[in-house]
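**Student:** For reference, the chains in residue letters:
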Amino acid sequence: MRRVAIIGCGQSKHGRRTDVNQAELVAEAVWAAIEDANIGVEDIEAYAVGNMQGFGGICQPDLVFADYIAAGGKPMQRVATGGTVGGSTAHLGYYEVASGMYDVVLAVSWEKHSDSAEPGATTGLLHVAFANLSYMMKIGMDMRSFAIMGLAGAAAGISAYQAAFYMARSGCRIEHFDMVAAKARRNAAKNRYAHLKWPGCTAEDIAKTEMLIWPLRFGHVCPASDGASCVIYASEDAVRRLGIKEVAWVKGVAAYADEEADQGESYQGTAVVDYSDQTGAILSARKAYRRAGIKDPRKEIDVAEIYAPFPHQELMFSERLGFFDDGTAWKALEEGVTEIDGDFPICPSGGVNATNAIGSSGMQRVVEAALQIMGKAEDHQVPKDVKNAVAHAWGGQVQFNTVMVLGDRPKGW
Amino acid sequence: MRRVAIIGYAVSRLEWDAEKTREEAVFEVAKGAMRNAGVEREDIDTVISASTDFLDGRTISSCMLIGASGAYLKDESKAEEDGMYAALYAAQRIMSGVHDVALAVSHTHSWIFNPHQVTQYMLEPWFDRQNDLLNEITLAALQARLYMSRSGADETHLAQVCVKNLRNAVKNPNAFRKMPDVTVEEVLESKLYSSPLTELMISPPCDGAAAVVLASEDVAEEFCDEPVWIRGIGNACDRYLRDRDLGRLNSLRIAAERAYRTAGIEDPFRQIDVAEVSERFAHQELMAYEALCFCREGMGKVLIEEGMTEVYGDMPVNPSGGALAGDAVCATGMIRLIEAVKQIRGEAENQVEECRTALAHAQWGLCAQKNLVFILGDRR
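Chains as they are written, first to last, in the UniProt record's numbering: chain P, 1 to 413; chain Y, 1 to 380.
Looking at chain P on its own, in the form it has when it is part of the complex (with noise of 0.2 Å):
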């Protein structure tokens, strides 16, 4: 199997960006990526990229903007698969070298909620629930579930419905998502290109928040940020080729899908009865960590960087990813474990928690597991030495699970 190396990596500035268009916004990160590399821009053979153009308004934006990011006359894939997209074109990318199709590929993604009338974040389930409602109606189907929560605020509630399970099944309290969403406004303090920074917040300080669907706060709630991250990956012969020193080695991808979570009962038959099972991400995490050769991920991994717009997310996927049992993330926050400094740091670039440009939040996931293994993470660097690392991202009706393990070392080296 061809062994694939990410050999730069790249990211815009995250946040509000009225300064920037959407073409601006991208080639910002596609250019700091090849200046990264230092590459030239004639060695990059194709490209992967992939946003949730609902958001941002154009259909299809790359084709806008090929130009700007170098990209005429050169292959060019592209995936959509809502919150995991980043995600999903970091596999692409990486994909399309495996094959031994190229060598070198760049692989971009990023969103522009600025652009559209409403935040895509709030509204990007809406779509798909008001398509489908329309649809059920006309069908004449049971509209229970979209009662109870497809209507009830999209995105946030349907994490607040998981919020609730989790809570049930783990014994967790509000208490610990406060703590949180306090740890990543704390590190994204120490990114640069982060968007919600609050150094030194503390959990008393979320809990101060209004309460806006139970149990999630207002400081519990991701922000919705405009920004692209962008990574190149190239194979072991081009790394070798362009003399580059310092890389990421990918060792194992999976993206298993699950069925959506507010018909799975009433329409599919499927029975996603606990949204906080997450199937997809135990069997991801699983076939990626057998893929890279990883046995025992709480010991050989040694930071994740985890997809949690919401805080009771991280908790959850850090059980589902096999890093603590199943309801026992929490004792590990309390203790600490957790932080930047802790023994299992979650998060230190401040996560989705703190920024998150839907198309950009989980390619962003896959640049700071690599700046990590690379030491190129600044202030938010672990204090340890990184082997190995977890990128994670999930998407659309909480089904979709992208998991990339990144090492410094090539597998079986």
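It should be emphasised that the hints constitute simulated quantities derived from the structure, not laboratory data.
By construction, the Cβ of each residue, glycine as well, lies at the ideal position given by its N, Cα and C atoms.
Worth double-checking, as some hints may not be accurate.
Said to hold, decoys possible - Chain P residues, not near chain Y, derived (Cβ > 10 Å throughout):
| hint | residue |
| --- | --- |
| 1 | Glu204 |
| 2 | Lys208 |
| 3 | Ile213 |
| 4 | Trp214 |
| 5 | Val382 |
| 6 | Pro383 |
To be verified - Ranges of calculated distance between the beta carbons of each label pair, as one might list FRET restraints:
| hint | chain 1 | residue 1 | chain 2 | residue 2 | range |
| --- | --- | --- | --- | --- | --- |
| 7 | Y | Asp218 | P | Lys387 | 30 to 36 Å |
| 8 | Y | Arg41 | P | Asp343 | 37 to 43 Å |
| 9 | Y | Asp243 | P | Asp379 | 55 to 61 Å |
| 10 | Y | Asn114 | P | Gly293 | 29 to 35 Å |
| 11 | Y | Asp132 | P | Gly327 | 55 to 61 Å |
| 12 | P | Asp343 | Y | Met1 | 39 to 45 Å |
| 13 | P | Glu42 | Y | Gly313 | 39 to 45 Å |
| 14 | Y | Asn131 | P | Thr18 | 54 to 60 Å |
| 15 | P | Lys376 | Y | Gly313 | 58 to 64 Å |
| 16 | P | Lys208 | Y | Asp17 | 52 to 58 Å |
Based on the hints, put chain Y in the right spot on chain P.
**Tutor:** Then chain Y, alone, in the frame of chain P:
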């Protein structure tokens, strides 16, 4: 590089049926392709679907189709363009050695959202979309004019393409627009949309779905006696409208050259037995003849005049009727791929004699900005 074969396929009828849901259509073709390939759902390692959120009228359009496409608890992703790009991604996943058997599914249901209207959202939003002059059809008309003035082709040549394809479609049970007795005059006299393009020169949007099963060289022959091998792939994206030469399909030329190089094809006219191209508009088939190097630049009109691209000609193009006989946007390219597979397996309705090497083409974007070419063969 690991070799990949197509071992099964299924296509739905191209129709306009608001009663049929996406889930039903996708389920039928996914199941059909697996049955055709002789594989069970357990044999499938990875599923790639293709559709576009704007065309589907909902965000994350793939999320409701996980059950229907058989992707439930499988390694899954979605290509957001033509189905042939899903087949490409599926092939790449197999070539990487991570997966062995893949299912690629694509669908578009034009009754949900008029595809011509959706293409307006493909325009750059700061000027092009707001001037209210540009859309897919007016831009294609502009492209047709540029091509005609460069090559000396006229409206009659465009109409001849329509006559050929719409007559070929008569035998195709899945085609949407079939006209056994259509004449050049009839095409020219059909409703004028944007000069020089008349109604019959524009591919009719309709509903449709398609699926293919791909397998690695290690397992293909276990499932299938006559796998059809992917021998060359070429993919390229052109610049945006005003930064490119609209009168030429440069990205198709680049894609074709790449595909020919990997497949070892030096003289496409002689070595390729049949081509299935995605011509959203009649002139694009003539432009494709030139970009695919079936003739010299500007000579596309001669091929159609002389009948060389008829089913019985030296270089048959679109014996299935092509996109002009029905355009289920995201499925169109994948249907071309399937028609090429059928030709090699000897299962096509308009079968070309002794067909051993076939070309399939998919396009995407305004005025065919992006192009993808597969070369298929009966041998590795």
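**Student:** For the range 37 to 43 Å, tell me whether the beta carbons of Arg41 of chain Y and Asp343 of chain P fit it or not.
**Tutor:** 42 Å, holds
**Student:** With respect to the beta-carbon atoms only, verify the hint that Asp343 of chain P and Met1 of chain Y lie 39 to 45 Å apart.
**Tutor:** 43 Å, holds
**Student:** Hey, does Glu204 of chain P actually stay past 10 Å from chain Y on C-beta?
**Tutor:** Non-interface label on Glu204 of chain P holds, nearest chain Y Cβ at 37 Å vs cutoff 10 Å.
**Student:** Measuring Cβ to Cβ, find out whether Val382 of chain P lies farther than 10 Å from everything in chain Y.
**Tutor:** About 29 Å separates Val382 of chain P from the closest Cβ of chain Y, which puts it past 10 Å; holds.
**Student:** Is the gap between the beta carbons of Lys208 of chain P and Asp17 of chain Y within 52 to 58 Å?
**Tutor:** 56 Å, holds
**Student:** Does the Cβ distance between Asn131 of chain Y and Thr18 of chain P fall inside 54 to 60 Å?
**Tutor:** Since Asn131 of chain Y and Thr18 of chain P have Cβ atoms about 24 Å apart, the given range 54 to 60 Å is violated.
**Student:** Take a look at whether the Cβ-Cβ distance between Asp243 of chain Y and Asp379 of chain P falls inside 55 to 61 Å.
**Tutor:** 40 Å Cβ-Cβ, so the 55 to 61 Å window is violated.
**Student:** Minimum Cβ separation between Trp214 of chain P and chain Y greater than 10 Å?
**Tutor:** 26 Å, holds
**Student:** Kindly confirm whether 39 to 45 Å is satisfied by the beta carbon distance between Glu42 of chain P and Gly313 of chain Y.
**Tutor:** Because 41 Å falls inside the window, the suggested range holds.
**Student:** Regarding the assertion that Ile213 of chain P does not contact chain Y, is the least Cβ-Cβ distance greater than 10 Å?
**Tutor:** 20 Å, holds
**Student:** Can you let me know if the beta-carbon spacing of Asp218 of chain Y and Lys387 of chain P is within 30 to 36 Å?
**Tutor:** 32 Å, holds
**Student:** Does the beta carbon distance between Asp132 of chain Y and Gly327 of chain P stay inside 55 to 61 Å, or does it fall outside?
**Tutor:** 58 Å, holds
The structure does not agree with the numbered hints 9, 10, 14 stated previously, though it agrees with the rest.
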